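Protein chains: 2
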Amino acid sequence: MIKVVNHIPEIREIINNWKSQGFKVGFVPTMGYFHEGHLSLMREAKRLSDKVVVSIFVNPTQFGPNEDLDKYPRDIKRDIDLAQKVGVDIIFAPDATQMYDPDFQTWVTVEKLSQGLCGDFRPRHFKGVATVVTKLFNIVQPDISVFGQKDYQQLLVIKRLVKDLNMPIEIIGHPIVREKDGLAMSSRNTYLSSKERENALSLYKSLIHAKNLIEQGESSPEKVIDEIRNIIESYPLTRIEYIFLGDPENLAPYHKQIKKDVLIALAVWVGNTRLIDNIIIKIS
Amino acid sequence: MIKVVNHIPEIREIINNWKSQGFKVGFVPTMGYFHEGHLSLMREAKRLSDKVVVSIFVNPTQFGPNEDLDKYPRDIKRDIDLAQKVGVDIIFAPDATQMYDPDFQTWVTVEKLSQGLCGDFRPRHFKGVATVVTKLFNIVQPDISVFGQKDYQQLLVIKRLVKDLNMPIEIIGHPIVREKDGLAMSSRNTYLSSKERENALSLYKSLIHAKNLIEQGESSPEKVIDEIRNIIESYPLTRIEYIFLGDPENLAPYHKQIKKDVLIALAVWVGNTRLIDNIIIKIS
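Chains as they are written, first to last, in the numbering used here: chain A, 1 to 284; chain B, 1 to 284.
No lab work stands behind these hints, which were simulated from the structure alone.
You may find that some hints are simply not true.
Same chains, same label: a pair holds when it works inside one copy or across any pair of copies.
As the list claims (entries may be wrong) - In silico EDC-like links for lysine to aspartate or glutamate, alpha-carbon gap of 20 angstroms or less:
| hint | residue 1 | residue 2 |
| --- | --- | --- |
| 1 | K163 | D101 |
| 2 | K85 | E198 |
| 3 | K159 | D101 |
| 4 | K112 | E215 |
| 5 | K77 | E170 |
| 6 | K24 | D120 |
| 7 | K163 | E111 |
| 8 | K77 | E111 |
| 9 | K256 | D226 |
| 10 | K163 | D103 |
| 11 | K112 | D101 |
| 12 | K211 | D103 |
| 13 | K163 | D95 |
| 14 | K77 | E44 |
| 15 | K24 | E13 |
| 16 | K223 | E13 |
| 17 | K163 | E10 |
| 18 | K223 | D261 |
| 19 | K77 | E36 |
| 20 | K205 | D181 |
| 21 | K256 | E218 |
Remember, predicted model here, so these are calculated numbers, not experimental data.
With the hints as extra help, turn the sequences into a complete structure.
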């Protein structure tokens with residue numbers, strides 16, 4: 001039976017009890033409103049550990065002042081049901097006042113990897129993410145933690161902070177889960193009208209096209225980016241925020257030639273909804 | 001028998017082994033060159049836990065470009081001897097390349113408490129301290145950790161970061177240990193010539209004088225600070241960096257009147273050596 005825990009001392013007690021019994025703890029931090037992407041992370045955590053904790057916390061410090069903190073979709077009852085079916089042991093759902101007291105003032109920043117891509121458009125986002133993930137890791141003290149590759153830059157930021165701060169946690173990246181037509185699953189897809197939903201497909205289509213181009217030998221980053229831009233812009237409700245093409249290890253853009261494995265990452269507004277997607281193309 | 005450990009995986013293994021046996025781990029992070037102040041922290045850690053780890057790491061990231069990183073005194077053999085006599089179990093002495101790899105980029109900052117006092121004169125100091133202490137805590141995973149009150153601002157910064165980042169560690173502040181004549185013990189006292197050593201006494205003398213004044217009813221911060229300044233400046237080799245008088249909880253200066261408990265904290269250059277000292281005066 002899944003258990004919902006709202007308070008830090010209570011979850012600490014459960015975790016300490018598990019640890020003293022030698023259980024391996026897996027952790028999936030989320031903002032809730034689960035879709036198949038989240039559930040795949042939970043299944044992976046379950047496969048790799050004895051006990052699974054999933055946190056649901058819509059973290060205010062990772063939203064900018066004009067972003068969608070207030071309207072971010074929530075449905076905790078449905079979330080609990082879905083997590084239970086996957087075999088999650090604990091849902092940890094603290095409130096914001098518990099996570100951030102009025103004198104809160106400690107921040108974790110991952111300097112280089114937080115720049116570029118989403119970092120350029122959401123200036124304090126990764127500071128908020130790195131800080132809340134550090135807090136959640138210190139509360140849950142997992143042995144492993146699973147993150148989706150859709151938030152690819154976030155995954156790199158978290159891998160780096162765990163390494164740099166010597167946290168004894170293994171970070172596991174898990175592949176993007178897509179709808180049948182290819183749209184990357186996201187809680188924010190719920191914002192899309194049906195016309196917007198059609199336009200949203202442009203992200204995946206352009207990524208697949210880029211993959212084909214590169215696999216057929218195209219080595220000019222500029223050309224690939226141009227073709228991606230053309231595809232996306234052929235959908236009238238889209239507005240491109242960025243198209244990144246570069247090194248999947250350190251997020252350095254490729255300027256002249258594609259010689260090594262490539263990350264292509266996109267952020268595109270479809271109407272009033274900001275969507276991201278990415279693909280990694282292996283160069284053999 | 002004390003054991004010296006230089007590598008992170010080795011200390012992790014020892015700690016994991018201790019934890020699995022239910023031992024309570026106490027930790028004293030230091031920069032080495034032990035004096036009685038350090039030893040009193042170790043004794044306190046020993047009193048409060050089953051196993052004691054002392055780290056010796058002269059952390060480059062907490063020194064400014066023109067500070068004394070290179071000449072900071074070191075004597076690891078003597079340190080090991082002294083720690084052994086106190087009953088320390090492990091000296092953890094990593095080298096800097098192990099603590100900071102070339103891609104290191106994650107920093108912990110405690111924003112408000114790192115400002116004012118030493119923070120104004122050593123702009124990146126507390127960022128370096130907060131970051132290395134977070135790293136050491138994640139490596140050693142202590143139940144308790146003991147810090148000296150001589151570095152009073154540092155103690156507040158660390159208490160705050162542990163609270164804000166939800167680290168399951170109790171931070172214990174331990175009183176300043178002084179030479180017979182009152183000079184606060186510091187590894188940096190070794191820099192002082194005998195003339196400078198006499199001048200260095202001005203810090204403690206001015207603090208005691210301030211305490212007497214306040215206990216006799218003086219409630220003007222300005223007057224107390226003036227008298228401190230006069231005493232210190234009567235010693236020709238001194239140069240005052242700051243005299244702080246304010247709230248020991250949040251480091252807010254008292255401007256108008258002393259009504260609550262007072263922290264007086266000083267930083268004074270004596271020749272080329274920067275010394276700090278402080279006192280807390282309880283207002284009943």
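Alpha-carbon proximity between K163 and E111, which holds within one copy, between copies, both or neither at 20 angstroms: within (14 angstroms within a copy, 23 angstroms between copies)
If the cut is 20 angstroms between Cα atoms, do K77 and E170 qualify within a copy, between copies, both or neither? Answer is neither; intra-copy 30 angstroms and inter-copy 36 angstroms both fail.
Between K163 and D95, at a C-alpha cutoff of 20 angstroms, which is it: within one copy, between copies, both, or neither? This pair counts as between: shortest inter-copy Cα distance 16 angstroms, intra-copy 28 angstroms.
At most 20 angstroms between CA atoms: does that hold for K112 and E215 within a copy, between copies, both, or neither? neither (30 angstroms within a copy, 52 angstroms between copies)
K112 and D101: within-copy, between-copy, both or neither at 20 angstroms Cα: Close across copies (14 angstroms), not inside one copy (28 angstroms); limit 20 angstroms.
For K211 and D103, with the copy left unspecified, which applies at a CA distance of at most 20 angstroms: within, between, both, or neither? So K211 and D103 fail the 20 angstroms test inside a copy (48 angstroms) and across (29 angstroms) alike.
Quick one: K77 to E111, C-alpha cut-off 20 angstroms, is that within a copy, between copies, both, or neither? neither (37 angstroms within a copy, 37 angstroms between copies)
Can you tell me if K256 and D226 fall within 20 angstroms by alpha carbon in one copy, between copies, both or neither? Answer is within: at 14 angstroms inside a copy they meet the 20 angstroms cutoff, but 65 angstroms across does not.
How do K77 and E44 come out at 20 angstroms by Cα distance, when the copy is not named: within, between, both, or neither? neither (22 angstroms within a copy, 49 angstroms between copies)
Regarding K256 and E218, is the shortest C-alpha distance of 20 angstroms or less found within a copy, between copies, in both, or in neither? within (12 angstroms within a copy, 72 angstroms between copies)
Within a copy, between copies, both or neither: where do K163 and E10 come within 20 angstroms Cα-Cα? between (28 angstroms within a copy, 17 angstroms between copies)
Within a copy, between copies, both or neither: where do K77 and E36 come within 20 angstroms Cα-Cα? Close inside one copy (16 angstroms), not across copies (58 angstroms); limit 20 angstroms.
The earlier numbered hints that this structure contradicts are 2, 4, 5, 6, 8, 12, 14 and 16.
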